[in-house]
Amino acid sequence: MSHWIITPILLPTLLGAFIVLSVRHQVALQRVFSLVGLSLLLINALGLFVYAQTGDIWVYELGAWPAPFGIVIMLDRLSALMVLLTAVLAMCVMLYAIGSDWDKRGKHFHALFQFQLMGVIGAFMTGDAFNLFVFFEILLIASYGLMTFGGGTRRLQAGTQYVIYNLLGSTLFLFALGTLYNVTGTLNMADMAARIAVLEPEHTALLRVGVVMALMVFAVKAAILPLHFWLPESYAAGPAPVAALFAIMTKVGAYAILRMFTLAFPQDSPEIAGSYDVWLLPVIVISLAVGMIGILGAKSLSKMVAFAAIGSVGTLLIAIALFTPEATAAAIYYVVHSTLATAALFLIVDLVVSRRPQWQDTIREDRPMPQNGLVAAFYFAAAIAMAGMPPLSGFLGKLLILDAAVGNWWLWGAILISSLIAIMGFGRAGSLVFWKGYGLPETDAPAYEHPRQPLAFVAIGALMAGIVAMTVLAGPMHRFAIATAEQLYDTDAYISAVINHTMEESMAHEKEGSSYAPVDKDLIQTEGGERGTDHPQEATDGHEGESH
Amino acid sequence: MTIEFLVASAIGVLTAAGIYLILRFRTFPVILGTSFLSYAVNIYLFSSGRLIVGAPPVLQGYGDYTYSDPLPQALVLTAIVIGFGMTAVVLMIALAAYLSGGHDKIDMQDDDASEDRA
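In the order they appear, the protein sequences are chains A and B.
Counted the way our numbering counts, the first sequence spans residues 201 to 748.
Counted the way our numbering counts, the second sequence spans residues 134 to 251.
Errors might be hidden in some of the hints.
Stated by the list, open to error - Derived, one-sided and incomplete: chain A residues facing chain B with beta-carbon distance under 7 Å:
id, residue
1, TYR344
2, THR348
3, LEU356
4, GLN357
5, LEU367
6, THR371
7, LEU374
8, GLY378
9, TYR381
10, ASN382
Claimed, not checked - Label pairs and their computed distance ranges (CB to CB):
id, chain 1, residue 1, chain 2, residue 2, range
11, B, LYS238, A, ASP301, 30 to 40 Å
12, B, VAL214, A, THR254, 50 to 60 Å
13, A, LYS499, B, ILE185, 54 to 64 Å
14, A, GLY607, B, TYR198, 55 to 65 Å
15, B, ILE185, A, ALA397, 45 to 55 Å
16, A, ASP644, B, ARG157, 51 to 61 Å
17, B, LEU232, A, TRP610, 42 to 52 Å
18, A, PRO401, B, VAL214, 36 to 46 Å
19, A, LEU496, B, ILE185, 28 to 38 Å
No lab work stands behind these hints, which were simulated from the structure alone.
As the structure is a prediction and not an experimental result, all values here were calculated from the model.
Backbone N, C-alpha and C fix where the C-beta goes; we use that ideal spot for every residue, glycine too.
Could you build all of it, start to finish, from the sequences and the hints given here?
Right under this line is the structure:
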């Protein structure tokens, strides 16, 4: 039995602890360990991605406790894709942070970065709802540190808001989990799906409450209106590499919606119908509109990109909330594009900030900054990708989403009009920041000097190369996305992967013992849930262990 | 006066107090409010395995015993630990924001905010 499925979670954990304990004073060593760790993570993620191509669902039982009782780590196509995306993004962001010396502006950047990765990757791979909560908390607590990294009044105030908002989100998540456990008696996602399908009608009222609360929690993460207030200020005030890494955080919310609501809470099942399907799409469309209008109204580039992130997640969630295999395939294509484009834009904005000492990222004309042409070219390409103009992958992604939404004229209108507004916003900001400066009268002030930072440009170039690769390889990518969507909607396969895995294990155990005698006394005493509640001690140990 | 009624009203009162406090506009009451809410959710989680008084959380063999569900107790333990850590973190960040900003208002003061980016 191979253990490579757990290493993407273990590696950042151990590395983060090692960095904070052993090399916390040597930034150079931290960089080396970080890069080596991220390279290994990338290789690991690639291996898992290749494995997932076979279509198998890999079930890994932590501590070998059988499935509905213990915690499982699951790997299917969607998880593998998200883990790979996280690894690629983390590598690019880390290169940028090193290239621009961001990691020297405070302490423990590398350790926090690793813990953040642990939380994000864990959230993408867990098959247990409470474990999802624990990984959310891990990624959040690391993000609190990263968000306020480097200090400064504005960052700390925005950080306070961010932490409090997410604390409330976590509390709501616990309420949701308590309610769902109350109704279904399980926390394993696959088991929960199987039990909801056979639930008696009189229990569905409480189930619906739990489902809607869970949806609200994921909406906070994905920044859907009206739960998006934390995003613009936090992302704009946070350090740029962190904001770029956070491009994956909103996707964690989108992923959780995609995973839980295709598997356990499908909108057409009689137990849940009518609880969220009526209002989810309109709310997402409004949040898309707010994001795109925000692009036009923003006064600074970082705010503009933060709103673009909201709009982009809105576009993504339209595709998710349609809940058809075609739309989900479009969403899977778009999620990769959106993450790369958002991250690239945040990094480009940071280039502008560091090169304009007077106005930083305020959208107004200034003398041309050092390397103006190169930065402008990157901005131009990233803005095209983000706004969804041809020829880059944003266009293809939006095309796929529109194709999947045929017949919903209002969705077409929303996506097309919002894209137009985004193009106007990006065009206005870009021409003011990058072009207007050439028309200003010459002054006597010496030109502002700034280090060239080749590594930072390489990092952004790698992100842009990813976008170009997605455009060129759109055919294979889309075929992969279709296969992923089919696997997501084949919920029986997912559920039986978990349940059968457990049965095979127990049969293997029986073969080892000579007779069918009930194993041994200790096991019976701790495995008390055989009849009754189903939740014996081992789950307890697992959860306690995670919490520390 | 059943135990269900007592527990339910405790959750209700704590939640109400928490929500009232998080709607204040200074940091300290808001943090108190999140603490109240996390107490409420801890009790709520505890009750999600049904309320059974005076029963052990594990079975003694396969007999027909009354027992209390051990899983919510483990969940509560996790939630308490996480909530405790989170409260400590938010207190530190709020304190740092107060010391460097000179006020503890929860909303962003939107004047020349972009000036003091580090």
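Verification of the supplied hints:
| no. | hint | result |
| --- | --- | --- |
| 1 | TYR344 | 6 Å, holds |
| 2 | THR348 | 6 Å, holds |
| 3 | LEU356 | 4 Å, holds |
| 4 | GLN357 | 5 Å, holds |
| 5 | LEU367 | 5 Å, holds |
| 6 | THR371 | 5 Å, holds |
| 7 | LEU374 | 4 Å, holds |
| 8 | GLY378 | 4 Å, holds |
| 9 | TYR381 | 5 Å, holds |
| 10 | ASN382 | 4 Å, holds |
| 11 | B:LYS238 to A:ASP301: 30 to 40 Å | 33 Å, holds |
| 12 | B:VAL214 to A:THR254: 50 to 60 Å | 39 Å, violated |
| 13 | A:LYS499 to B:ILE185: 54 to 64 Å | 59 Å, holds |
| 14 | A:GLY607 to B:TYR198: 55 to 65 Å | 57 Å, holds |
| 15 | B:ILE185 to A:ALA397: 45 to 55 Å | 28 Å, violated |
| 16 | A:ASP644 to B:ARG157: 51 to 61 Å | 53 Å, holds |
| 17 | B:LEU232 to A:TRP610: 42 to 52 Å | 49 Å, holds |
| 18 | A:PRO401 to B:VAL214: 36 to 46 Å | 38 Å, holds |
| 19 | A:LEU496 to B:ILE185: 28 to 38 Å | 58 Å, violated |
The structure does not agree with the numbered hints 12, 15, 19 stated previously, though it agrees with the rest.
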